[in-house]
Amino acid sequence: MNIYVLVKQVPATDKVKIDETTGTMKREEVEAVINPLDLYAIEGALRIREIYNDSHITAVSMGPSKAEEVLKEAISMGCDHGILLSDRAFAGADTWATSYTIASLIKKMGDFSLIITGEKATDGETGQVGPSLAGQLNLPIVTYVGSIVEVRDDYIVVEREIEYGTEVVRVKLPAVISVVKAIGEPRLPTLRGKIRARETRIDVYNLESLGLNREEVGLSGSPTRVVKVFYPRISREGKKVKTSTPDEAVNSIIQFLEIRGIL
Amino acid sequence: MSKDVIILGETKGEKIHPVTYELLAWGKGLSEKLNSNLSVVILGKNLEGVEEIIYYGADKVYYFEHSALDIFNVEIYSEVLVPFIKKMQPEIVLAGATTTGRTIMPYLAGKLKTGLTADCTSLDIEEKTGLLLQTRPAIGGNVLATIKTPLHKPQMATVRPKGKRPLERDPNRKGDIEIIRPEININSRIERLDFKTREEEVSLVDAEIVVSGGKGLKDPQNFSMLFEISRILGAAVGASRSVVDMGWVEYPHQVGLSGKTVNPRVYIAIGISGAVQHLAGMMNSESIIAINKDPEAPIFQVADLGIVGDALEILPVLKKRLEERKRNV
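Chains as they are written, first to last, in my numbering: chain A, 804 to 1066; chain B, -8 to 320.
Same shape as in the complex, but just chain A (with noise of 0.2 angstroms):
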């Protein structure tokens, strides 16, 4: 079976700089890495191809020809091709432009079973790409996934982590999931998937290779808009005490405490 994983670059670090008077991020001054939370569905589609051998994975990534390092990387651990979304039109995407681009490729590549996608990225913290795929593609879609249970030609079952317990759930293929980190540590790098990675060409999808419109993508086919980005000014009335030794703030604590009923 052919399967997608969708996998993102992210800043390295939460500690990213802000250009103040743009209110956008100094990417050039962070190193990007894969999205940690994308780790986990490669993971899902090795375990995956382990059960049902006759298995394809193909990575895809949205982003700047830098990218193409977050494929290579999903290479190493076992994936077997990848595919880089990269059009400077492609640029300031929301979900749902991101969803619609991505779309646009999976229409174009013929029969497939799965598109397995991280629970979110680090940085946008949405989760939103997977089920807006699934929506624009009217696929059925799996969100929380946390155990394969069962893969066959024409299904999958899986288990869901929800807020009261686990769901578990058979879902006809072709599918989007969405897993967590319930699915099982990441394996690393083999020494013989570096290799191939290095070998591996990346083919690279742009604007006009996908068939698309310049109105259709980026930030021109985002229903969204960020109007205003700032530093949060949070007005509480707080009282700072500077205390000289740990009895006089465990007193305060305490006197707090009672105040309130608490103790």
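No lab work stands behind these hints, which were simulated from the structure alone. Nothing false has been slipped in among the hints.
Derived BS3-like pairs: lysine-lysine, alpha-carbon spacing no greater than 25 angstroms straight-line: (1) B:Lys284 - A:Lys1045; (2) B:Lys165 - B:Lys51; (3) B:Lys24 - A:Lys1031; (4) B:Lys102 - A:Lys911; (5) B:Lys310 - B:Lys209; (6) B:Lys206 - A:Lys1043; (7) B:Lys310 - A:Lys1043; (8) B:Lys77 - B:Lys144; (9) B:Lys209 - A:Lys1043; (10) A:Lys1031 - B:Lys104; (11) B:Lys206 - A:Lys984; (12) B:Lys78 - B:Lys102; (13) A:Lys1045 - B:Lys206; (14) B:Lys36 - B:Lys77; (15) B:Lys24 - B:Lys78; (16) B:Lys144 - B:Lys119; (17) B:Lys6 - B:Lys19; (18) A:Lys1031 - B:Lys119; (19) B:Lys187 - A:Lys975; (20) B:Lys310 - A:Lys1045.
Place chain B on chain A using the hints.
Frame of chain A, contents of chain B only:
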């Protein structure tokens, strides 16, 4: 009068999920500013207490009842909700950022071709345009971003459970409940085979007191002191993202944008500097105590009691004093 503000209610079995009432508190201010109806759409089977939704602030409830709607299924829910939203043409659709909300909302937005903003920490109406201003932490939770959906309808957003308290329940409030029994013609490709209930590992979300620790505690041994103090106080233990990432404590303890949102009576932040992404998960606590060595730590901006000091010196004393009190009671 403009079109409705619609809240996507949630169920738990045959009961109304409390996040539905919280969503009404979010929606009220918006519908008042827009001079519109605040409506709730809820899907289920044999639901109890639907009138409660009116008592908590809804003007109108659209209750879709069908045996196929007893549990959440994204395809069947979407089969009901897409035509409903197209017919109603609401200005705004809000849902909770639960696993259900996080699945159905982007799925619907994908089908309806409209904008969706996840995990908003504040919502407002722009006076000039009447557009929804959706504010959420962005860029790894270091800043806040305000987002608009200028040209597409409805404007869709999710908010975290426990991010706001419900309005006061008023059993004399009047409103309209319309029960709709839809025809459901699809065979969903998704089928639930089983459900295994699990006890929440930490009742963090419902705790009255949360004792939360961060990097300032230096190592996992020191962090484990929080469990002892929590036991004495009857509190739950929370944690910042960095210590969860370092493996000091399991993910279910994480408070913040990427973890849980809490609003206990007292939140005690120990050795937590207070990144925006953490503040987003605890800012609405009734009261906050912060202990941190760094007097400039942002956590002090939200603290009702801020103690500039070394948590590693303070905690053993606090533990001893609390133990003594307990013995003397």
